[in-house]
Amino acid sequence: MTDAPTSDELMTILIARELRNGELAVTGASSLVPVAACLLAQQLHAPDLTLILPSGVVNPRPGRLYRSAADGRWVPGAEAVGSGYDLFEMSENGRLDVMFYGGVQIDRHGNVNLTATGLDQGPLPAFRGPGLANTSFAVVSGRIILFSAGHTPRTFVERVDYLTAAGHLDGGSSRADAGITTQGPVLCVTPLVTFDFDEAHRMRVRSVHHGVSDDEVVARTGFHLPTEPPWPRTPPPTTDELATLRHIVDGTGELRA
Amino acid sequence: MDASSPPPAARTVRTSKATALSEAVALVPSGSFVALGGLWFHNNPSAAVHELIRQGVEGLTIVAAPPSSYAVDLLIGAGAVRTAYLAHVSFDHLGMAPNFRRAGESGEVEIIDGDEALLLGGLMATLEALPKHPVHSLKGTDLLRRSPLAGSSDAFGGADVAAPAAMAPDVCLLHAQEADIYGNVRYEGTPFCDPLLAKASHKVIVCVDRLVDNDEIRREPHLTVIPGYLVDAVVETPYGAHPCASQGHYAHDEERLTAYMAAGRTAAGWRSDYLEPYVLRPRTPQEYLAAVGGAERIERLASVVS
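Order-wise, the sequence lines are chains A and B.
The first sequence begins at -4 in the numbering used here and counts up one residue at a time.
The second sequence begins at 109 in the numbering used here and counts up one residue at a time.
FYI, nobody ran anything at the bench for these hints, they're computed from the structure.
Just so you know, these numbers come straight off a predicted model, no measurement behind them.
It is possible that some hints are incorrect.
Just a few of them, taken from the derived set where beta-carbon distance is under 10 Å, the chain B residues facing chain A [what the hints assert, rightly or not]:
{"id": "1", "residue": "T191"}
{"id": "2", "residue": "P239"}
{"id": "3", "residue": "V243"}
Residues from chain B that keep clear of chain A, each with C-beta distances beyond 10 Å, as calculated [unchecked claim]:
{"id": "4", "residue": "L135"}
{"id": "5", "residue": "A173"}
{"id": "6", "residue": "R210"}
{"id": "7", "residue": "L238"}
{"id": "8", "residue": "D268"}
{"id": "9", "residue": "G297"}
{"id": "10", "residue": "T298"}
{"id": "11", "residue": "D323"}
{"id": "12", "residue": "T332"}
{"id": "13", "residue": "A370"}
{"id": "14", "residue": "G377"}
{"id": "15", "residue": "E384"}
{"id": "16", "residue": "Y386"}
{"id": "17", "residue": "E404"}
Positions of the beta carbon are idealized from the N, C-alpha and C atoms, including for glycine.
All chains should be modelled from the sequences, with the hints used to inform the complete structure.
Right under this line is the structure:
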């Protein structure tokens, strides 16, 4: 185990550490990293974590990772195959503990935009995003873990152009004031850093990954970070975490591609 | 009854719903409201959508499962859609849906943004014979503030409760693995929103990879997900979901889907490099199959993973 972890492997391990035994976690589109994180957590410290894929497949165990969220090859060996109605039920009653979101834009209060940007220029957007299948999970899920394969000022913005999934809205008590009783975003993992949120629900640097400078984090984040560097370093993957990920969860090396 | 007479034999014959693809699609006139089944690359009614486009249908309103993909993007690219009720449209891990994105940026198609709660809520209102179906779970979002689907519900606690109006498509197009000629439809893998879309729609057309005998359906009735009473036409279309997947039969075709996306970088390129050679020129599903490399190639897709 001499190879350094890739960005995807590192993000997978960092998210896995945040997942708790017994939780119910649901993943969305383009979510290979959170899927792998759930499967890894099941192997390491959370054997009773339940993973539900966006197609409704419960606790898949295919012995490798598939990139498509709805790939039929997740089904053989799974424990159950649910339907769209099962996800609707959870999106209303809040059965799930953890949901994962990436975004075209993520703002300093953890709000997510997957719908469109440049809406202030007229009725048509400058960029039309894919949209979001389930925005409700951001309201009803116990907590949210954000992730982003890109870390640029265009992704991490002061304020989302369209609020597709609710983070901490305007910060402070605004989420609770809107009648939302769940925790909201607690973490955001990128190839550079792990963010968490301060008391005012502003995104702040929790730790900076190996090989990344504090200056680079500042330069590549499009909003003012509330605490000053130097920031703590991210605890690197352990031998056990990396070996379990590579040998049991991702034997074909999809996270290394 | 004379005890010695033989028992009466069955005298009636049930009506077959097995239909040719071109005739089934004739149930979808221009201007219809069409529901499209499947999700992402799973169970897209591709063969039916190809035939719709070949028949020159236009001015459609469409709705699809919350995560949708190829079938939606194809209909939009072909210029067949006027209004679209959609949540998420993408080529999943491969990237953006090119025609959907272009139409959203040009305004060529009226895209009404929804999400699972809004789309399924509207469909469920139809099932429940109610005018609306309140959903509480959109608090704080621009969907609640801006989407025409969100409506409002005075009866359920005020402005932060959305109430999508009942949504009743004229025709539902589905792809599943097997059915009999009476329209009893079997799914391997998730049916996802297909049963809901079918129940909310006035007419239901199901394309299947394989027709099976009614006796086979009766041997394992628990596998029937959509019973025949919901179905108007069933069409045998082997490989009919291609380039998308049909659970247990074939995987999605990343090579073709990637080529579709590459062609889709411009509207003109997509028409000349995808729509013409793969949709308009083949006159039948058989000719389409030949154009994409034949059945044997599709059978091998399950071993191709990327």
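*Please confirm whether E384(B) is truly not at the interface, meaning its C-beta sits more than 10 Å away from all C-beta atoms of chain A.*
holds, 25 Å
*Quick one, is the T191(B) hint okay against chain A at 10 Å, beta carbons?*
violated, 15 Å
*Status of the stated non-contact between T332(B) and chain A (beta carbon gap over 10 Å)*: Per Cβ check, T332(B) is outside 10 Å of chain A; nearest 14 Å; holds.
*Measuring Cβ to Cβ, find out whether G377(B) lies farther than 10 Å from everything in chain A.*
holds, 19 Å
*Report holds or violated for the interface hint on V243(B), using the least CB-CB distance to chain A and a cut-off of 10 Å.*
holds, 6 Å
_So R210(B) supposedly isn't at the interface. Is its beta-carbon more than 10 Å from every beta-carbon in chain A?_
violated, 8 Å
*If you take the shortest Cβ to Cβ gap from P239(B) to chain A, is it below 10 Å?*
Given a least distance of 19 Å, the restraint on P239(B) is violated.
*Minimum Cβ-Cβ distance from L238(B) to chain A exceeds 10 Å*: holds, 16 Å
*Grab the minimum beta-carbon distance between T298(B) and chain A and tell me whether it stays above 10 Å.*
Given a closest Cβ separation of 5 Å, the condition is violated.
*Once the closest CB in chain A is found, is it more than 10 Å from A173(B)?*
Since the minimum Cβ distance to chain A is about 6 Å, A173(B) lies within 10 Å and the statement is violated.
*asked:* Please verify that the nearest CB of chain A lies beyond 10 Å from D323(B)'s CB.
replied: Holds, since 26 Å exceeds 10 Å.
*Beyond 10 Å from chain A, beta-carbon-wise, is A370(B)?*
holds, 18 Å
Going down the numbered hints, you'll see the structure goes against 1, 2, 5, 6, 8, 9 and 10, while the others check out.
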